[in-house]
Amino acid sequence: MANPSPNLECRMYESKYPEVDMAVMIQVKNIADMGAYVSLLEYNNIEGMILFSELSRRRIRSISSLIKVGRIEPVMVLRVDKDKGYIDLSKRRVSEEDTQTCVERFNKSKLVHSIMRHVAETVGVDLEELYVNIGWPLYKKHGHAFEAFKIVVTDPDSVLNSLTREVKETGPDGVEVTKVVPAVSEELKDALVSNIRRRMTPQPMKIRADIELKCFQFDGVLHIKEAMKKAEAEGSDDCPVKIKLVAPPLYVLTTQTLDKDKGIVTLNKAIEACITAIEKQKGKLVVKEGARAVSERDDKLLAEHMAKLRMENEEISGDEGSEEEEEDTGMGEVDIDGGSGIIE
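The numbers in the numbering used here rise by one with no breaks, and the one at position 181 of the sequence shown is 181.
Check the hints yourself; a few may be wrong.
The list that follows gives simulated cross-link-like pairs (lysine to any residue, SDA-like), each with its CA atoms no further than 20 Å apart [what the hints assert, rightly or not]:
id : residue 1 : residue 2
1  : 244       : 186
2  : 230       : 204
3  : 141       : 244
4  : 206       : 271
5  : 110       : 129
6  : 230       : 190
7  : 16        : 136
8  : 141       : 174
9  : 230       : 179
Think of the hints as simulated: they come from the structure by calculation, not from any bench.
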């Protein structure tokens, strides 16, 4: 029967204490005469201590420059006294590699913990019970529950249907027997899959490159059109390439993909194809900014810039713009899907 007030506090891993020589993520709680008291974030905030002698390899001139209350960072476990609950930690012994490994593990564990906690609250079960039956078995089987959750996004049955738990029942003869039953009920499965998909379904990433494209030869617009078609032909269904005019002769190449590296490689190939095509017609392509991942803010700034340029263009009278129009021949916006060449 579901607990109406489930306990939502639990460590992230099956072991109650970290191993010696392991990097763990801590948050500084307060600074005392001999060192700093911290909470081990992955172990349900149990207390540890960093002696001042373990803060830095160099001579300490200012404690406040090395450690501050509230700061979250990786430290190394020096000693663990499970009987007394003492955990001694070191900041100065953490290598760059240890830091990177710890941060990556913590970020994954934090996301798993957030999902598990929300599911426990939704279904009304203790968080530790959820970890015992689901979380920790997935850590054992997949190395990290995060990796199992990634599979759940597309194939939940292959991960969750294999989980079992033992229950004890009293038979008709009064003898207690142990039965193996599924660990995940349908209600729990629905809540878990829903949360995992909402939090972990990958979102397409936009990759962009900025180029300058010119061709002053006869039929330059048509040559640019063909070069752009060659660039777009380098795209694929899961990584399509599009080209958009910013302002003559500036263009942007974009693609959206789940794989950042693939998107960058695809745009670079598109640029090379465009260069080859336009140089055959004595045109020129200059890469202003190479292929890189861009944020929604970058897209917004680009859209605002394009809108501003359009507005400025509309304010120019026909006579004032005649020379510029003549100069921009062969660099206008091209309708690569067909039509007369330049889009009004």
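Each hint tested on the structure:
1. Distance hint between residue 244 and residue 186 is unfulfilled; the C-alpha atoms sit about 48 Å from each other, more than 20 Å.
2. A C-alpha spacing of about 24 Å is found between residue 230 and residue 204, which places the hinted pair above 20 Å, so the restraint is violated.
3. Taking the CA atoms of residue 141 and residue 244, the gap is near 47 Å; set against the 20 Å cutoff, the hint is violated.
4. Restraint check for residue 206 and residue 271: the C-alpha separation of about 16 Å stays at or below 20 Å, so the hint holds.
5. A threshold of 20 Å between alpha carbons decides the hint, and for residue 110 with residue 129 the separation of about 18 Å falls inside it, so the pair holds.
6. A hinted pair counts as satisfied when its Cα atoms are at most 20 Å apart, and residue 230 with residue 190 does not qualify at roughly 47 Å.
7. Using a Cα cut-off of 20 Å, the hinted pair residue 16 and residue 136 holds, with the two alpha carbons roughly 12 Å apart.
8. Among the hinted pairs, residue 141 with residue 174 is inconsistent with the structure: their alpha-carbon atoms are about 36 Å apart, more than 20 Å.
9. Taken as a hint, the residue 230 and residue 179 pair is broken in the structure, with Cα atoms around 64 Å apart against an allowance of 20 Å.
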